[in-house]
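Trainee: According to the numbering used here, the stretch in the sequence shown is residues 90 to 1169, in order.
The hints are simulated quantities; they were obtained by calculation from the structure and are not laboratory data.
One thing to keep in mind: the hints can contain errors.
Mimicking DSBU-like on lysine-lysine, the simulated pairs with C-alpha atoms at most 30 Å apart in a straight line are [to be verified]:
hint	residue 1	residue 2
1	625	590
2	724	900
3	202	134
4	270	1144
5	270	897
6	724	793
7	179	222
8	572	590
9	565	641
10	270	625
11	337	202
12	744	641
13	1021	202
14	625	333
Here are the in silico distance ranges between beta carbons for each label pair [unchecked claim]:
hint	residue 1	residue 2	range
15	657	825	24 to 32 Å
16	1055	966	19 to 27 Å
17	825	359	49 to 57 Å
We put the beta carbon where it would ideally sit given N, CA and C, even for glycine.
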Amino acid sequence: MRKKYLSAALAATLLSTAAATVHAQPTEGGGSYESVATAPQSNSKCTGFVTDEDDEPLAGASVFVVGTQNGASTDVDGKFSLANVAKGAKIKISFIGYNPIEVEWTGAPISVKLVPAGDALDEVVVVGFGVQKKSDLTGSVAQVKMDDVLGDRPVINAAAALQGAIPGLMVSGGSGPGQSKSLNIRGDLSINGGSPLVLIDNVEGDISQLSPDDIESVTTLKDAAAAAIYGARAAGGVVLITTKRPAKDARFNITYGFSQGWERSINRPQQASLTDYIAAYREAGYSSQYWAGDGNLDTWEELIGQYRQGTLEGVLDNGIYKHTDGKIYYLKESDVQGSILGTGALTNHNISMSGGTDKVRFRMSGNYSRENGPLITNKDLYVRKAITSFISADVTSWFTQELSMFYTHTKNTGLSGNIRDPYATRLISWYPVDGYMPAEYLTNSDEDLIIDSPKNSYMVSPVAHNSHSIPRIQVKSILKPLKNWTITGEYTYNQNSYDYKTYSGVITYADVQLAKKTYPTDPTKDVYGICKDVTKYNALNIYSNYSLDLGKHHITAMLGFNQESYGYSRLYPTIQGQAVITVPSFGGGTGEKNIGESYSEYTIRGGFGRFTYNFDERYLLSVSGRYDGSSKFPKENRFGFFPSVSAAWRITQEKFMEGTRRWLNELKPRVSYGSIGNQAISPYGFVANMSIGQSTTWLSGGNKVTVIGVPGLVRGNYTWETVKTLNIGLDFRLFNNRLQGSAEWYRRSTSGMLAAGSELPSTVGASAPLQNIADMRTDGYEISINWNDRIGDWSYRVGFNLYDHMSKITKFNNKTGDLAQWYAGCELNQIWGYVSDGYYSIDDFDLEKAKKGTWELNEGVTSIQGYNVRPGDMKFKDLDGDGVITTGANTVNDPGDRKVLGNSTSRFQFGANAGVNWKGIDLDIMLQGVGKRDYWLGGHSMFPFGASGADGVFHPLYYNQTDYWTAKSYDPESPDYMVAENPNAELFRIYGQEQNIGSNTRTSDKYLQNAAYLRIKNVTLGYTFPAKLINKLCINQLRVYGSVENLHTFTSLPKGYDPESMSWSYPFYRTWSVGATITF
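My request is simple: use the sequences and hints to build the entire structure.
Mentor: In C-alpha cells:
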C-alpha cells in the first residue's frame, strides 16, 4: 500500500481544489465508470470518486486533464476535484499497478473503478534491444523496480541495494566510503574470471556512478537465450539498467529528497586484558618483557595492580611507567579499535524535474552524496556529484530524437597506500593508543616521538587523493517508416578519467622496543606520485524491430549491428626526496625520478538478431543469435557465431485449464539452450610481448641500463572460450495474482578455457603458452516467491528468494593430479586439510625420557613429519595409515593425510523482504544471508598472537583466544608433569619461539569456520502525508522516514569478523538515517 501512495503521489499535481462534475467515456486501459445522476454544473468543476477492484476508496490516484498541468490526487476517501475544466476535455486517472482510464468530461460527476494492470502479466520487461511482455518471456529474466528495492535505504552505491533482491545476482565488496561492489550472476564462469555485462540504457557503464534515485529498473538476463544478443561480453550474464524517463503528457513536477545518516562500526573484536596477556606470555615461555627493555613479568603484574589501585606515582597519562630499575612498563589497558573508530556521516541530496506533452518530454536531476567514514581521521572521505539530463522530441509522427547526458565526479581520500596496516596488525591492548614517548625513555633519541600506535599512524599518515570523472553523451534516433516497424540508431561516447595523488612520506616514531624508527627506513625514499588513467569508449548500435499479427499468430523480428571500441592509457610518474613534506610536488623533489606508462585498446563488432513467435498466447518460441568479433583474438579466430533458442507453454491458456482460472492465473514451463563466447581475457594474450624497462641493478656510465625481456610463447589457435547454458524454468501465479513466483534449474558448461598446455622442457626457457584446453561445469537453481495482499486499510507483502550453485572442473591438463593446480573433478573453492584428533597428551610419550627433555612418542602413536611434537600440540588422524602425518605426493591419488574438508563457495544464498502499510504509515524489513559456507581464517582472529613464532609477542591477543591448553605442572618431578589442566580446551598449547606453531595452525577441520549468516539488512519506518492535507499547501507528495542499515547479523564467526568482509582491512558498520522526500 505504501508503494501505491508513493507512486501516485509522485505523479500528482500542484493544485487540489473543490468539486466539479464530469460525464466520462473510457478511451484506454480498463476499469468501469458510471455517471452520477445530478444536473450538470456550470462552474466548470469536475468531481469524482475512485475505487479499486474491491470497491475500496483508492487514495493517491493521479487525476489530470490531458495536455495540461491541471491535476490533483484523490484523498483518503478516494475523492478528487479539478477546477477550470472545459467540457469535452479528456481526463486521465491512473494508479501504479492498475490500468489507467481516460474519460471525456461532459459535465456530470463520475465514479471510476480501476482494475489491476493486466494481472501483472502484461507488464513490460526490458530485454536486449527491446521490451517484451512478462507473459511472453521464454528466457531467464528477472526485473526489479529500483524504487521497490531501494526504498528509503541510506545507500549511495546502487549495487549495494540489489543485494538479496534478485535471485542469482550476487553482490560483494568492501564497506568503506566509495568502495566498489562486484556483481556476479550464477557463480563462476571461468577459471580466467568473468563478470556480468552492465549496461546503462543499452550501453556499457558503471552502476556505482549513477545515483540510485536516477534508476528506474534493473533487469538481469541470466541464461544464454536472454543474453546471447549481446555476444561475447555477456557470457557472465547481463545487468540492464534503465534510467528514469517521464511518460508522454506527464505533468511537470519537482522532487527533492534529503537524508542524513550516521555510521558506527559494529562487531569489533574483544581484546584480552593485561592479565590475560601476562598469563599467555608466561605460557609461551617468556620470562621477561624483553620487547621493552627486558622488564620482568612478575614486576609488570605487580605494577599493574598498584596502578589500578591508584597507589603508583609517576605514570604518564597514556599508561607508560619508568621503573626505578630503568625498565619501561605499560600499565594502562587501551581500547585500540575504539581509539581509531568514531562516528561517520552520510549525507545525500537529490533533486529532479520532469514533465512532458504529447510531443516532448524531459527529465533533469542532480545528486550530491558525501560519506565520511567512521575512522577518526578526516582522510576517510568519499564525495559524489552527478547531474543527468534527458529530452525526447517527436519531430514528426514517424521520427523521434532523444538526447541523454550525464556527468559524474567522485572524490575519494584515504590513507596513503604505503602506510603500514595498523588496523590489522597492532591491536595490542597494553600498548598506548596515542601520545608521545618521552626522549628519556628512548634508547636512541634526544626528542619526544609519537608512539607507534594505530591512531597515531592514521593521524600522521599522508593522504591519498583519488578523483574520477565520467562525462557521457548518448544520441538516439528512432524512425517509424511503417506501422509496427521501428529503426533505432544510437551513439554513445563515454570517458573515464582517474587521477591519483599519493605521497608515502617519512614518519618518525618510537616503536614498541623503545627505539627511534623511521618509515620508510631510508628517509630519502619517500615517494610522491601522480597517476592519470583515461579510458575512452565509443559505442554504436543500429537495430530494427518489426512485429506482425496474423490472427492467432504474433511474430516479432529484430536485426541489429553493434560496434564498440575501448582505448586505455596510463601515465604514472614518481619522485623521491621531498624538500617540503607538507606540500609534496615534483618541483620539490630532489631524489630519483621514475615514469611508468601503459596503454591498450580493443574493439568488438557484431551482428545480432532475434525472432519470436507466439501462437494464441499459448505457445512461445524465441530464436536469437549473434555473429561476434573481438580484437582480443588472432585475426583467423576473431569471429564466432553464438545462437540460442527458447520456448515456453502457457498451460493456463489452454481450454482444458478453464476450470482452474479462478485460482490459477499463470502456469508457464519454459526451456532454453544456447551458447555465448567469453572474451574476459587480456587484449594482447595472443601476442608474444617483450617487457621493456630500466634495470635496478645494472649501471652503465652511472646511468641505468634499458633491459628488454624474453618474449613469452603463444599458440596460434588461441580463441574464444565457449559458454553453453541449459535452463529449465517454471513461472506461476495464483489466487488472483496475489501469490507469484518462479523456479529455475540451469547447467552452464564452459569449454575451451585458456590454460597452460603441457609443460615444456626447461631448456626452452619459457612457460607453456595458453591454450583452449580446460572445461568447467556449473549447476544451480533459483527459487523466488512473493505474496501481495490487502485487507481493508491494510496492505502487506512478503517475498523470499533462494539460489545456489556449484562449479566443477571437468577437464584440465594435469595428468599427475597435482593439488597445486586445477584437476578434473575439482570443485572450485574446495578446502583441503587435516582431520583433528584432539591434542597430544603426556601418555603419548615416553615419560622418563620426557622428564629429561627428550620428547619421544610411544610406539603406535602417530607422529608429524618435520615436527618434534609435545603435549598440547594438535594431533591429526592418520588417514593413509602409514603412522606419520604427511602431505604425501600432494596429488589427488596421494594427498597424504588430507581430505576435502569443505568449500568456501557461498551456498544457499537467500533474500527476504516484508512490508506493511496502514493509512500512509509503512514498515519495511529486508533480510539477506548465506545458508552454508566454509572458511579458513587462521592468523590473528583464530590463534594467540597470530601464531607468528618469535614475533608473536608483537601481535594481538583476543578474549576468545584465552581458552588454550595448559599443563597442571611443568615441573618434571611433579606427578602432574605435563598433564592437561584443560584437555578439552579450544586452542592448542601456546608457543613463543618454539617450532611447532606451523603444525598446530595447519588447515584442519577443528578450526574451519562456519561462515553462514543471516543479516537484518534494513528496517525502514516511514509516513506519507495524506494528499488531502498537503495538496492545500501546493505540495503533491510529502514523505518522512527513518531507516537503519545492517541492523544485526546472526553468525558463528569469531567476534570481529563479518561474513561479507573476511578481513580487517576496513570495519563493517551500521548506518542510521532519517530523511524526507517532497514533490511539488
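Trainee: Next step is simple, just say for each hint if it's right about the structure.
Mentor: Evaluated hints:
no., hint, verdict
1, 625 <-> 590, "21 Å, holds"
2, 724 <-> 900, "27 Å, holds"
3, 202 <-> 134, "20 Å, holds"
4, 270 <-> 1144, "24 Å, holds"
5, 270 <-> 897, "25 Å, holds"
6, 724 <-> 793, "38 Å, violated"
7, 179 <-> 222, "28 Å, holds"
8, 572 <-> 590, "57 Å, violated"
9, 565 <-> 641, "34 Å, violated"
10, 270 <-> 625, "22 Å, holds"
11, 337 <-> 202, "23 Å, holds"
12, 744 <-> 641, "15 Å, holds"
13, 1021 <-> 202, "49 Å, violated"
14, 625 <-> 333, "25 Å, holds"
15, 657 <-> 825: 24 to 32 Å, "54 Å, violated"
16, 1055 <-> 966: 19 to 27 Å, "24 Å, holds"
17, 825 <-> 359: 49 to 57 Å, "53 Å, holds"
The structure fails hints 6, 8, 9, 13 and 15 (numbered hints given earlier, in ascending order).
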